[in-house]
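J.: The sequence shown runs 1 to 151 under the working numbering.
Simulated from the structure, these hints should not be mistaken for laboratory data.
It cannot be assumed that every hint is accurate.
[What the hints assert, rightly or not] With a straight-line Cα cutoff of 30 Å, these simulated DSS-like cross-link-like pairs (lysine-lysine) come out:
#1 Lys129 <-> Lys149
#2 Lys94 <-> Lys46
#3 Lys123 <-> Lys82
#4 Lys82 <-> Lys46
#5 Lys94 <-> Lys82
#6 Lys94 <-> Lys129
#7 Lys149 <-> Lys46
#8 Lys127 <-> Lys94
#9 Lys127 <-> Lys149
#10 Lys94 <-> Lys123
#11 Lys149 <-> Lys123
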Amino acid sequence: KDYIDVIEYFIKTNQLTGDGLDEQNRNILFHALPIGNTSMIEHLLKSNLPNFDINSITQSGNSLLHSCISLQRIDLIELLIKYYPTINLNQRNKQDATPLHLAIIYDDLELVRFLIQSGADAKLTMKSKTCLQLSIEFNHENLIEFFSKLV
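Generate coordinates for the entire structure from the input sequences, incorporating the hints supplied.
T.: Below you can see the structure in the form of structure tokens.
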């Protein structure tokens, strides 16, 4: 079940806001992402939660976008960008990784292409390593080929 009615009730009664954070500085969407219920996540995104910050980060330095990359859910990333076009596609976490760098580490060419097409900067480095160098370090042949053509 999507629990859309329950979510809507909490939003209408101001019991659910965008600035409600847990002890790790995660808002409601950080908890909804791993469940992977696309309709529930989309409802939360389009409900315009008061005080919601799409670029908020957890104590570990990860954003919602970093979390979506870790889940390798391009559909959720599309929703984040659709409802919040101002999302920071180049935000770095505490390991200096942007979402694009994580997509490289996960060897996900589809995500890499999508992020670059959406505006992620392929010239940013992670700990002084280019996207091509990261691809080589992790021995991701398809990404080595892809980034070799971008250079």
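J.: A separate judgement is required for each hint: does it hold in the structure or not?
T.: Structure-based check of each hint:
{"no.": "1", "hint": "Lys129 <-> Lys149", "in the structure": "17 Å, holds"}
{"no.": "2", "hint": "Lys94 <-> Lys46", "in the structure": "29 Å, holds"}
{"no.": "3", "hint": "Lys123 <-> Lys82", "in the structure": "24 Å, holds"}
{"no.": "4", "hint": "Lys82 <-> Lys46", "in the structure": "9 Å, holds"}
{"no.": "5", "hint": "Lys94 <-> Lys82", "in the structure": "26 Å, holds"}
{"no.": "6", "hint": "Lys94 <-> Lys129", "in the structure": "15 Å, holds"}
{"no.": "7", "hint": "Lys149 <-> Lys46", "in the structure": "37 Å, violated"}
{"no.": "8", "hint": "Lys127 <-> Lys94", "in the structure": "11 Å, holds"}
{"no.": "9", "hint": "Lys127 <-> Lys149", "in the structure": "22 Å, holds"}
{"no.": "10", "hint": "Lys94 <-> Lys123", "in the structure": "19 Å, holds"}
{"no.": "11", "hint": "Lys149 <-> Lys123", "in the structure": "13 Å, holds"}
Checked against the numbered hints above, the structure breaks only hint 7 and satisfies the rest.
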